[in-house]
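Novice: From first to last, the protein sequence lines stand for chains A and B.
Quick note on our numbering: the first sequence kicks off at 368 and runs consecutively.
Quick note on our numbering: the second sequence kicks off at 54 and runs consecutively.
FYI, nobody ran anything at the bench for these hints, they're computed from the structure.
Please note that a few of the clues may not be correct.
[What the hints assert, rightly or not] Cβ-to-Cβ under 7 Å is the rule here; a few derived chain B residues that face chain A:
# : residue
1 : F171
2 : L172
3 : K174
4 : L189
5 : A349
Treat the numbers as computed from the prediction; the structure is a model and nothing was measured.
Beta carbons are placed, not taken as given, at the ideal position from N, Cα and C, and that holds for glycine.
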Amino acid sequence: MSRESRTRTKAGVLVDAIRESPVDRQVKKYRRALLLGLLTVIVLILAVFIARFSKDRPMTFADDREHYLYGSIGSEPGGSISNAVGGVLPPYWIFVTLPEICPEKLPGGYASLGFIYENGRDLPVGISRRFRLGFDQVGLNCASCHTGTVRETAASERMVYPGMPSHQLDLQNFFRFVLDCTLDERFTPERVLAEIERAGGSTDAFERFVYRNQLVPRTRESTLMLSRRLSPLMANPRVPEWGPGRVDTFNPYKAIQFNWNLAALPPSELIGASDFPSLWWQGPREGLQRHWDGNNTSLQERNLSASLGAGVTPVTIDHPNLERVAQWIRDLPPPEYPFPVDQAKAARGAALYAAQCTECHGDGRFRQGTVEQAKASLKGTRVGTVEPIARVATDRHRLDSYTYDFAVNQYTLYPDSEYRFHNFRKTGGYSNQPLDGIWARAPYLHNGSVPTLRDLLEPPERRPRTFYRGYDVYDQRKGGFVTTVGAEKGRRFFLYDTSLPGNGNGGHLWGTQLTDEEKDALVEYMKTL
Amino acid sequence: MPEDVIFTPLKFRHLEVKNRIFRSSISGRWDNYNGSGTQTRINWEERFARGGCGAIISSFVPVHLKGRILPNYAMIDDDDKIPFWRAVGEAVHRHDCKFIMQLSHGGRQRDVPGVENFLEKGLSSTDSSDTFHGLLCRAMTKAEIDQTVEHFAQGARRAREAGLDGIELHASHGYLFTQFLSSAINDRKDEYGGPLENRFRFLQEVIRAIRREVGKDFHLQVKMNALDENNALFFWEKKGNSLEEYIQICKWCEEEGADALHISMGSTFPHPMVPPGGFPPDELNWWYGGMASSGARGYFNYAFFHFKLIRPIFLWLWNRRKKAYPVEGVSAEACREIKKHVSIPVLNTGGFQDGALIRRYISEGWMDGVAIARPLIANPDLPHILASGRDLPERPCTFCNRCLVNAIANPLGCYDVRRYDGDHDAMIREVMTVFDPPPFPAEKAPRIVAAGGAA
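So that you can see chain B by itself, here it is in the shape it has in the complex (with noise of 0.2 Å):
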């Protein structure tokens, strides 16, 4: 039997990985208020590890509090954070897992703005609010930018400094560097608006800092739309970059030391095509109320999720630029003509669970290797039981995005019943399975013995 290039090792320039699966970032709610870490994290991260990730990528963490998205996710905003992601990290590598941070910052799409960010609007490129929720922004100043690309060195410092494997800049799916480089949302008229190379230098400028205050031996590579498709959702948007401008942009990416790319899609978060798969109304219905207020337009979306009459114009919009891309694999044809034009390593991600189909992006060469978030929520163990000789999982994720959902308001997990047969209580456990251990264990729990029992 030839070697299965899933696990074959992959080699960065100062980063190797064991194997082709790279847990995506995705993240609960899971740390304190503050952006401090708590042991629900580690057990979080370290699942993966265990399941055989070649390397986690951390969910998005904010280089800034006015550059979190939600309340209650671990930041990398000060040193004080360093100790905590330097356990994290020890928790992965225990697995011979690598652990890369992802750096990012929000800019106006702050889903849940927080009690310190609610009264003041949103920092992006323009003064347009967002176009899904309706999350209000203004243009940042030239010394706001400058500020941005220093919390951004900073928070690359701190990677380092907790013995991280390296980081990833987050310039996808509608944060703050979609901002910059979409020709939908950038409006500046400065430096950093107007032709590509302008939308491009908030990125460049972030890039050269951390490389100034990492060095150029610190894994770093971006995470990068190919698409915006920022008409999707509404057709009288503007249709936001193309493939080619993006390929430029990964290009000049790969000019200014990074050692990797993460190709996904989207010009917001979520995006009719990200995360692919359903959007189900009903779980909308149930948690959409927690981010309702965010927005200017929360309430009347959410008119749509609750109203069952109404619900099928918001499902019409969300899907009907769907059918133009697969489910799994969304953006891995855009992903093929980026690696065409760079050297570097090309990871991409958006609905990848089936082995057969991975390995053969892999091994024609659309990509190096993948990064999967859904399907690892539904089995931690996916890379043992695609390494096993199995392309699929007993029970595989359905890309139904109820947990993308329930994220919002709930304990992250797979909240898709059917998966359970039905049983929602299994479903509860099988959820609150990441708050264990606790952060406080029982030094040897009791033994209860029943007295007298039957034999």
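Next comes chain A alone, as it looks inside the complex (with noise of 0.2 Å):
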């Protein structure tokens, strides 16, 4: 007997020597196909879904100035599926019918909000999309607050200043209505799914699955986030609207990237609002103590710092396109004033300007030649460097709402990268601007408490106590936006009030003494800069 056909034993318990039929060797090779197959199958699901949901991928313009309106700078929620971070918008398809999903909320869509809308685009400028955690993102960037319109009269053509404040946009009004359409017993996965049909758009069913048990639901859950942190500025009585054309660019901050609880601070840090300023000709401002306080000077930590109020974060941020925006806004020119000069008047105004205003604000020579130029024309001026407060006497609540504490915050942002702030300092009162451009940047001061130039150049109590703000057709004369205007086709304008806290429209008592005559000389002039 070979050893071979002995009967074997395994601990003790007999085993039959083992053969197998061409049925079991086939039989085997089927179930090692069919594991083989689940495995590949696995695996190739597992490698769909990833690459889905790990794909990252903004829409491209090889514009700048298409990438600046419509680019993404990262503000899209990002980080991975299981923990997203950043962002303050719901998804593409969400946001874009939302207006029809609470119609009532916002007649008009988001064009009666002051977005502007260019031929027949899907996403207004300022609203950049991503595909991003597996499905189309938007986001806000530079733009939604950097994009003015200025018309000549209520009957000429829109005319789109890329880098000009966003003097028309409600962001404050905005926010509400996402917030608060998120948040409607309307807004459940089925009215969604069927809006987006509506809206021409197409959902598989896996998609459909993931709008009803993640997407929908996690909008619900961050607004519900969102507006619970916002609430002490959003629906405080005490803070005022923030209007349009304004922001408040810290409180949020503090709220959503610092997880601060704004109910426990002091009512009045709480009332922060100011205008957007503008982006142009950003080359020259390097070292200027920019934001209305003059808090920093690095160009690169205001744009960062800047775009965390849009919604990025530290994880979700795309620097490489954000420092395509800070590229060319470095060299983008303030735009020309558009209407008729007075070359005689503005030339008399030229010297009453030079008296005036030149310490402060530099002059004519900054928007001309180089960005080394235009910077060594401010030599021997004051303009970058912060005036105090009790010398320019405007209102303080801005200034006070940015804290010692929250500049502290502030430096724990981007640790251990290049990007890491270190330049941010408390100051005491407002930064001088350079003023190229200044007929775009109306209404002025930085609350925007005054509503053109002309008005800037009567004392406090000659100003306008209350003025309509966001409506764009130009006032000429006075150098800013029309103000009397109260609605138009069925777009309703915000009635400013000086009186209230952080409206305050005192101070900046420069050149208030000059003559009628001098001062529309002057404001014939500023329209040069």
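Reconstruct the complex from the two isolated chains, following the hints.
Specialist: Structural data, given as structure tokens:
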């Protein structure tokens, strides 16, 4: 008897000598193939899943202007699906269909809030689109708050100026609408999916599953969190409305980025609304004390910090795209005044300007030539330095809303990276700014409390106490926007009340002593800046 | 009353059958494992002769062990089987009934390969396993084909020597001949594959070898598909031969000297259309296990029979093409087409029971006779019943196919308990009658008298 054919034992138990029939071998092959097939399918599904959900692709634009207006700086939610971070807007399809879900809350759609739609685009200026976390997402970019419109008359074509303050944009009511509608009882997966279909979007079964179980509930959840955090700002009778063209830069930042409990802050600190500044011709501004209160001299830190306000986080930020914007606005020239200028009058104004204004604001040379030449033109002036609050005497709420504690928190951002902030400072006043393109930066003062250049040259008691903001027809005589129109085609404008806290129009008395004729000439000159 | 066409004699070239009812090939696992016969088979065949059939076509009789479908089937692989088959023939002949031996080779369709075969793949025209159970096979070599041709010739010689009345070549239902004939199965590149005449070559060689061995005057009929419907179960399979191709094959069979044709259909067995009727999943759950390890898909199939939740998937596949065919006379229309093209008598099988239907088809010239299996299991005296003027027995066959599924594991019989008014014991008693008389009958059973019983 051969060794092989002897009955083998294993642990004392008889084990038959193993033989295999052809069927056994074939079944083994099938099972192996089945297992391999199953594994392949699982791996493929995982791969497709991972590919989809890890894909991070912004819409790209070859043209720099388009990139500025529509490109993504990373403000869409990102990170990972298990731990999504950043972003203040719902996914693309929810965003575009929200006005249909809550039509009475926003008749006229996002355009009625001052968003600019250019030739039939699906998204307005300032809203970027990016595929992230497996879906198209939207976010805010620089252009949302820094692109303004101007009309000569109510009947004329709108002119769109990238880099100009979005004086027409009602950002607060935009946030209110998004928060409100995503908590509305009509905001259900069924309704959202139906509206997506009506809007021409298609969803497959998987996407519908995710909308039902993830996107819609997550949107509501993040809305609940956001609205709770922001309620001391957004739903507080003691905090005046921001109104169009204004934003409270730092208080939402405290709540969203740093999880501060806003309700615990002194009420006056919560009043911080200020005008959107212009974003053009940034190159020569390097080293100037930026932000209304001059709290930072670094353009890069200013850009990064501002993008945080748009919903970017250190995890989700798109540095190359942001840098592309930064490069573009570095050289973006301020817009030429688009209406006729009385050159003789302006010449008279030039002399007055030199005497009254150049020391703090620089002059017409700033907008000419190269970045270096522009910087050189500021030599010997106090442009870009902080004017103590006691001297400038304008409303101090904005100054007070930026605190030491907040600056300390800012230093915790971008740790261990080249982006870490180290230039933020608490100051004691407001910074003197160059006045390039000042004609397009109305209303004036940091809080937009003075509607026109001409009004700013009046002593505070003769400046308008209330006026409408948001209307974009230009008042060529006074240098600013028409303030007397309360509504147009269903859009209601905002009645700005200078008597409310934070809205004060006092201070900045320079030039108020001039004669009316001198003031007019000075305004005429400033149109050329 | 005019003469009943069913009961007019059917004259073949060298055989005359008293009526038009043939017992189609069917069998239980009656015999010894080694293929030698038993008294039970004699009992089995004799009951149909007694019931009035004109002729009995034996069950599948393997010409070689390698071609066996199931163990316990009497074979014709050796001269030592001749005496047994002579005894079967004599028992049948006593009832004025003819006996035609079906010479068969299963090829890859070995439902239970048995201990002799299970370590080797079946022989076939192809290396591709059967599509239903996954029964494995390999393509025969030329030498093996020649050998198999000779096995058939010797089988025929033994049948003649046993005094039987003729032979039938089982060239339908997916067995070896179909594996050569069907374009869905035969993937050979040699002279036995490709064009139709090549695929016919194996059958042609067998017929010629038989004629050489037994002469031209021994009845030889061919059981032939009219259609393969090879994709009836799995729609992704090839369709197989068309009716036109089979008509051509039938004509060639006639040219080669076949005395009759026996028409059926289906490129596998069982097949959704063959036998026509039900496919009882409860019985499959009980008995399919007996062949679950025969093929590489056995356990997979068994899962579908066993788990009720997924049964509908299988039943949907099984039933989806059935709707195009009647249960009774499933291949009758195709048979009519074939009969138009040949001049030898044509039999048809598949769902025949109703006397009126049979009478109509024969008198209208669709066929010359019918071969019946399941309805005869249910009512072995069906010919007498039809002869008495009734078209259906009192308890007709329901075509439920419970007999078919039970045949894997149990004595063959009618297992439709509804036909026994739900009485399982009565059903089993009826099934077991096939074992009577036993191989060793008692001389005379002693009569037991109850002592002191009350009057």
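Novice: May I ask you to test the interface hint for A349/B with respect to chain A, counting a Cβ-Cβ separation under 7 Å as satisfied?
Specialist: Result: holds, 4 Å to nearest chain A Cβ.
Novice: Does the interface hint hold: is K174/B within less than 7 Å of chain A, judged Cβ to Cβ?
Specialist: At about 5 Å, which falls below the 7 Å cut-off, the nearest Cβ of chain A leaves the hint on K174/B intact, so it holds.
Novice: Min Cβ distance, F171/B to chain A: is it shorter than 7 Å?
Specialist: holds (5 Å)
Novice: Would the hint on L189/B be counted as holding, given a Cβ-Cβ threshold of 7 Å to chain A?
Specialist: holds (5 Å)
Novice: Would you settle whether the hint for L172/B is holds or violated, based on the nearest Cβ-Cβ distance to chain A being less than 7 Å?
Specialist: It holds, given that the least Cβ distance between L172/B and chain A is near 6 Å, below 7 Å.
Against the hints set out earlier in the document, no violation occurs for any number.
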